[in-house]
Amino acid sequence: MSRHVRDKVARDNVRHNRGNVAMAGKLKIHVDQDKCQGHARCKSLAPELFDLDEFGNAHEVGDGSVPAGLEEKAYLAQSNCPEIAIEVTEE
Amino acid sequence: MSDSASIMPEHPPVTDWVNDFDHTDPTWTENPFPIWETLRAASPVVHTERFLGCYMPTTYQAVKEISYDTDHFSSRRVIVRDVRPEITARAPPITSDPPEHKPAKQLLLPPFTPDAMKKLEPRVRAICNELIDEFIADGKCDAAARYTKHVPVRAIAHMLGIPEKDGDLFIKWIHGILELGIKDDNALMGAVREMTGYFIGHIEHRRNNPTDDLISTLMKARDKDGQPLADEHILGSLRLLLIAGIDTTWSAIGSSLWHLAKTPADRERLVKEPELMPLAVEELLRAYSPVTMAREVMKETTISGCPVKPGNMVLLSFPAANRDPAMFPDADKVVIDRKENRHAAFGLGIHRCVGSNLARMEMTVAIEEWLKRIPDFKLDPAGRVTWSEGTVRGPRQLPVLFGKTT
Numbered sequence: 529m530s531r532h533v534r535d536k537v538a539r540d541n542v543r544h545n546r547g548n549v550a551m552a553g554k555l556k557i558h559v560d561q562d563k564c565q566g567h568a569r570c571k572s573l574a575p576e577l578f579d580l581d582e583f584g585n586a587h588e589v590g591d592g593s594v595p596a597g598l599e600e601k602a603y604l605a606q607s608n609c610p611e612i613a614i615e616v617t618e619e
Numbered sequence: 056m057s058d059s060a061s062i063m064p065e066h067p068p069v070t071d072w073v074n075d076f077d078h079t080d081p082t083w084t085e086n087p088f089p090i091w092e093t094l095r096a097a098s099p100v101v102h103t104e105r106f107l108g109c110y111m112p113t114t115y116q117a118v119k120e121i122s123y124d125t126d127h128f129s130s131r132r133v134i135v136r137d138v139r140p141e142i143t144a145r146a147p148p149i150t151s152d153p154p155e156h157k158p159a160k161q162l163l164l165p166p167f168t169p170d171a172m173k174k175l176e177p178r179v180r181a182i183c184n185e186l187i188d189e190f191i192a193d194g195k196c197d198a199a200a201r202y203t204k205h206v207p208v209r210a211i212a213h214m215l216g217i218p219e220k221d222g223d224l225f226i227k228w229i230h231g232i233l234e235l236g237i238k239d240d241n242a243l244m245g246a247v248r249e250m251t252g253y254f255i256g257h258i259e260h261r262r263n264n265p266t267d268d269l270i271s272t273l274m275k276a277r278d279k280d281g282q283p284l285a286d287e288h289i290l291g292s293l294r295l296l297l298i299a300g301i302d303t304t305w306s307a308i309g310s311s312l313w314h315l316a317k318t319p320a321d322r323e324r325l326v327k328e329p330e331l332m333p334l335a336v337e338e339l340l341r342a343y344s345p346v347t348m349a350r351e352v353m354k355e356t357t358i359s360g361c362p363v364k365p366g367n368m369v370l371l372s373f374p375a376a377n378r379d380p381a382m383f384p385d386a387d388k389v390v391i392d393r394k395e396n397r398h399a400a401f402g403l404g405i406h407r408c409v410g411s412n413l414a415r416m417e418m419t420v421a422i423e424e425w426l427k428r429i430p431d432f433k434l435d436p437a438g439r440v441t442w443s444e445g446t447v448r449g450p451r452q453l454p455v456l457f458g459k460t461t
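First to last, the protein sequences are chains U and R.
Terminal number for the first sequence in this note's numbering: 619, no gaps in between.
Terminal number for the second sequence in this note's numbering: 461, no gaps in between.
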């Protein structure tokens, strides 16, 4: 990995708070219902983690716990939400 | 001629974009991207005296602030025009503000969810192939006239439950409203009148012969007091679906094919890696967002530090926001597998395009089916690409040649 690429990865990790991707199963997601406008980007990128209601607005599946292996998808959904409606937290 | 009485004087050519911008100027129509860069470098919000006074936010941040501020910025007028006549033909929910907006929008959302679109997808795939069948043997075509235009027309007709063959009428009305109507009030009112008459006939027919299409869905809808919607509300929403659902997606598919025709690397990659389609569609939506909306300033405020005064319109350029380098690295490049992409092509806040899931499905299917049948194509050097003027941007002539060598 070049120095440049390594720096970029480090920056991304800091920016997305994903320094501990190895700690699988510790992430939790939440969709802010006041902010979600139903763009459905999260459902398209991470269908395992998000569901839509009859109006097409999104909510997290179950209690929002992110199963091991789906951490990247959780961050991908978060970083594509136009309304910044998705919270990802480390438990 | 009586028709010309309502046409405003031709707009003088623009020499000072920062203080006198005009989104109907031929230079803007042909290639708006360098203009937006100039405007953005000057200020997050610029102003023109044209169109009876109009602002334009040039950054993603300024576009977002205005989109979220329904208190100072009304949606009652959503097209920037030379005139501001009394508001007669409403099209809820796009022309609604809170609190009327939410109930009007809730009615339209269920028929447009991603699941509902999945049911429509096979018909759209068939439409695409029927269209391609008509010209593939010619080895070339005007992709805008023969393909991209007809996909959304036929899809929305199918959803509304009206004959797909009436599509040419819809295209005529939309041209009258969105292009001619900016400068010619008679063209706009004539188109609205004809469209209204057409839909009244379909509504009347369904009173005794209910169907399970979108027109009947609106007729069966009840408001919070259990009352059916007024005919004017139904007609307004039907107007909206037709106006908002056709040349927008026509433009998005057209710009995508235009990009792929002139960018063999991206085209070949999509053919080889079809799993990239979802990311590619979002990136094409970002880079070539077709839709610019408008707001009317109701109360004095500031946007990104710039004072904004009532009496002016706002050209709400989602396309310019999506080219803001402060928001998107390499904003002027199409990065076909861009992973982080919070583009605002379908708007931000409560007015998020109700048809965004339909548009995405149509774009995906139209590009996929085209690439399956015509994996190699390029712009026809003997032809000329032309772009629509005004509020919705996309190619209106897109002559392409098929095959690797010609």
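Keep in mind the hints are simulated off the structure, nothing from the lab.
Idealized CB from N, CA, C, for every residue including glycine.
Please note: incorrect hints may appear among the correct ones.
[Claimed, not checked] A short, non-exhaustive set of chain R residues, derived as facing chain U with CB atoms under 7 Å:
(1) 165
(2) 169
(3) 269
(4) 271
(5) 393
(6) 395
(7) 396
(8) 399
(9) 433
(10) 434
[Unchecked claim] Ranges between beta-carbon positions, derived for each pair:
(11) 558/U / 366/R: 50 to 56 Å
(12) 366/R / 576/U: 49 to 55 Å
(13) 612/U / 165/R: 37 to 43 Å
(14) 286/R / 593/U: 46 to 52 Å
(15) 590/U / 275/R: 45 to 51 Å
message: Under 7 Å is the threshold here; is the Cβ of residue 433/R close enough to any Cβ of chain U for the hint to stand?
response: Given a least distance of 31 Å, the restraint on residue 433/R is violated.
query: Would you say the C-beta atoms of residue 366/R and residue 576/U sit inside 49 to 55 Å of each other?
result: holds, 51 Å
- request: Double-check residue 393/R for me: the hint is only fine if its C-beta lies closer than 7 Å to a C-beta in chain U.
  value: violated, 10 Å
field: Interface hint outcome for residue 395/R [beta carbon to chain U under 7 Å]
entry: Cβ of residue 395/R sits 5 Å from chain U, so the hint holds.
message: Is 37 to 43 Å respected by the C-beta to C-beta distance linking residue 612/U and residue 165/R?
response: Given range 37 to 43 Å: violated, Cβ gap about 25 Å.
- request: So, residue 271/R near chain U? Judge it on the closest CB pair being under 7 Å.
  value: violated, 18 Å
message: Hint validation: residue 269/R versus chain U, beta carbon distance must be below 7 Å. Holds or violated?
response: violated, 15 Å
- prompt: Range hint 50 to 56 Å: satisfied by the CB atoms of residue 558/U and residue 366/R?
  reply: violated, 42 Å
field: Interface hint outcome for residue 434/R [beta carbon to chain U under 7 Å]
entry: Hint violated; residue 434/R Cβ to chain U Cβ min 31 Å, cut 7 Å.
When the least beta-carbon distance from residue 169/R to chain U is tested against 7 Å, hint result: OK, holds: residue 169/R within 7 Å of chain U, min 6 Å.
field: Hint validity - residue 165/R Cβ closer than 7 Å to any chain U Cβ
entry: OK, holds: residue 165/R within 7 Å of chain U, min 5 Å.
Supplied contact hint for residue 396/R, tested at 7 Å Cβ to chain U: holds, 6 Å
Checked against the numbered hints above, the structure violates hints 3, 4, 5, 9, 10, 11, 13, 15; every other hint is satisfied.
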